[in-house]
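Q: Sequence:
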Amino acid sequence: MELLVIGIDAVSPNLVFENLDDYPNIRDLVSDGVSGEYNGYVYGYGSHDNWISMYTGVSPHTHKVIKGRYSVTEEYPMPKHYEKFSPLWKILNENGYKVGFWKGLATTPPVEIDGYMVSGEPLLEKVNELPDYASILPVVCSKDKFIKDDFFGDLTNFPSPKTPERFGETWGSIEENPEKLEELLIDGYFKEGLEYHKKTLEQAYINIERVYKKKEVDVFWFYNSVFDYVGHFQTHDKDGTLMRECIKHVDIFIGKMKNLMKPKNIIFLSDHGQKAIVDFFPNCSIDTRKRAFGLSDNCIFSKNHIVMKGRNPGLLTGLHSLKATAIFKGENIKKNESLAEMRTLDIYPTILDILGIEIPKEKEGYILPIVKNGNEKNISYKFPNEIKKRIVLLLQTCEVSVFNSFINEYSIKNRFNEIHVMILPEYKEVFKINKQVKKVLLLGEEINKNNYDEILIAYNDNQNKEKKILPIKMKDE
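Residue numbers 35 to 511, in my numbering, belong to the letters of the sequence shown in order.
Calculated from the structure, these hints are not laboratory results.
Worth double-checking, as some hints may not be accurate.
DSSO-like cross-link-like pairs, simulated, lysine-lysine; straight-line CA separation at most 30 angstroms [stated by the list, open to error]: (1) 101 x 395; (2) 298 x 248; (3) 357 x 233; (4) 343 x 423; (5) 337 x 357; (6) 502 x 101; (7) 466 x 272; (8) 369 x 298; (9) 98 x 483; (10) 101 x 114; (11) 232 x 132; (12) 272 x 214; (13) 447 x 416; (14) 473 x 502; (15) 357 x 406; (16) 114 x 182; (17) 501 x 324; (18) 411 x 423; (19) 124 x 272; (20) 272 x 343; (21) 225 x 282; (22) 232 x 290; (23) 298 x 233; (24) 182 x 324; (25) 182 x 337; (26) 179 x 249; (27) 232 x 324; (28) 469 x 369; (29) 447 x 411.
Bear in mind that the values here come from a model prediction, so they are computed numbers and not experimental data.
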C-alpha cells in the first residue's frame, strides 16, 4: 500500500504539537517524519474550497468553489464542477494506482473509479433538506454497492449543541445580561459532540476494515468533518480539554489504519485551524472588539466570550483560523525538513511527486522539499531553493474586517512577500496576531520608505462593489 492520507477538518496545529505525549501514533509520525503548520484558505473561504484545492492543485478562484458554493451556479460543489482539473483519483488511476476515497468533502455524487469512492456530504443540518447530497450514510456508485450493503452502524442521530432555552434562557435574556455566558460556556458545553466524534471514527474504521479486506487499494484518502463541527461550539475552552480528547480518538484511529494498511507513506492533514472568536481580538475592550469584528451585529459580547448566532441555534464560539496541520512520514519522505512556506496548493504536486507521477500542467503549487526520489519531469514544480522576499507596507484605509480581507487576498496572491501594515493604534493587538503580517506599525509613525519595495493602500468602494490594492510608492521611485 503506497499512501494513506488522513484528513481531519479544522485541527489546529497548537492542539497537536503542544500535546504530542497525549497522541502516541501522531507523535510517531512527527518524530520520524516532517511536520508543521501551513496557511489554509480562510477569511472568505470555507472547507469545501480548501479540500477541492487539495484534490486539484488549483486555487478557489480557479476551480470556482468559494464559501462552499460553486460560484458559477451557486450549487453545492460536486465532482462535475472541478473534474477538468484532473483530481487526484483521476490522475492516480491513469497511472495505475487503485484508489479508495472515503467521505471526501465535495465528492457527492460519487465518481466511478478504479477502486471505490464512498461519498455523502457531512452537512449535518442539511440531511433532511438535501437527501441526495447531504448524507451521513454512504453514497456509492452501483459497482460499489457491496460497501453500502455491508455497512455497519447508524450515525443519523447526531447531537446538537445546547440552545439558550436548554439553560432556561433566550437569546434576548442573554443579550440583556451577557455575563450569563460565563455560567453557560463551561468546558464540557458540547460534550455530546465528543461522543459523536468518537463514534464516527470507531464506525468508520469497522467499515473501512471490512471494505479493505475485500478490495485493497494503493492509495487511500479518509476525511472526517465532525472535529470541525464540535470545535465551532467548544473552542471557548481555554485549555482545549475537550478538543484534545477529540484528537486522542483521531490518534487511536490513525494507529488502527496504520496497522490495517501498513502504508509505505502516510500524510495527516487538516485544512485550517479553529480558535475562539474572542481570541481574534486579544487585549481589546468590548467596544473595540465590536468595531473590529465584521459580524458583530449577530453576536453577543461578554468580558471573556463572543458568541455568534449560527445556522445551528447553539452558542457558537469558534471560527476558522489560518494555520492548518500537516504531517508527512514514509519511505519516500525526508525527515526534519521545514514546512514554513507550505500552502494548500502544495499538497497535490507533493503527493504526485511522492508517488513518482508527472504533474499535469498549470498547477499552482510547488513540490514541498520533503520528497526523497521524485519524478525528474517535475523539475518546474520544485520548491525554489532561494526565496527573495519583497517587503510591502499596506496602509489601513478601511474597517478592520475589510482590511483583513485585503491582507488575506494579497498574501494568497503574493505568497513569498513580507507584509507590514500601518494601522490605527486601537487595533494594534488585533493585527499583531495576524500570522500573515510580519510587522505592525501605527499610523503616525515615521517610516523609511526606502525599506519597502512597495507601499500600498486598500481601495474599497462599497457602492460599486469594487475592491483593489493600489500602489502609492514603488522602490525605484
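Q: Run every hint past the structure and note whether it holds.
A: Hint check results:
1. 101 x 395: holds, 26 angstroms
2. 298 x 248: Holds, at roughly 20 angstroms.
3. 357 x 233: holds, 27 angstroms
4. 343 x 423: violated, 41 angstroms
5. 337 x 357: holds, 26 angstroms
6. 502 x 101: This hinted pair holds, its Cα atoms lying about 20 angstroms apart.
7. 466 x 272: holds, 20 angstroms
8. 369 x 298: holds, 15 angstroms
9. 98 x 483: This hinted pair is violated, its Cα atoms lying about 38 angstroms apart.
10. 101 x 114: holds, 18 angstroms
11. 232 x 132: With Cα atoms ~29 angstroms apart, residue 232 and residue 132 stay inside 30 angstroms; holds.
12. 272 x 214: With a Cα-Cα distance of about 18 angstroms, the restraint between residue 272 and residue 214 holds, given a limit of 30 angstroms.
13. 447 x 416: Answer holds: residue 447 to residue 416 is near 19 angstroms, not above 30 angstroms.
14. 473 x 502: The given pair, whose Cα atoms are some 22 angstroms apart, holds under the 30 angstroms limit.
15. 357 x 406: holds, 26 angstroms
16. 114 x 182: holds, 23 angstroms
17. 501 x 324: holds, 23 angstroms
18. 411 x 423: The hint holds at about 27 angstroms.
19. 124 x 272: Roughly 43 angstroms separates the two Cα atoms, so the pair is violated.
20. 272 x 343: Given that 30 angstroms is the threshold and the Cα spacing comes to 21 angstroms, the pair holds.
21. 225 x 282: holds, 14 angstroms
22. 232 x 290: Holds: residue 232 and residue 290 sit about 14 angstroms apart, inside 30 angstroms.
23. 298 x 233: holds, 28 angstroms
24. 182 x 324: violated, 49 angstroms
25. 182 x 337: violated, 49 angstroms
26. 179 x 249: Between residue 179 and residue 249 the Cα gap is close to 13 angstroms, so the pair holds against 30 angstroms.
27. 232 x 324: At roughly 36 angstroms apart (the allowed maximum being 30 angstroms), residue 324 and residue 232 break the hint.
28. 469 x 369: holds, 25 angstroms
29. 447 x 411: holds, 26 angstroms
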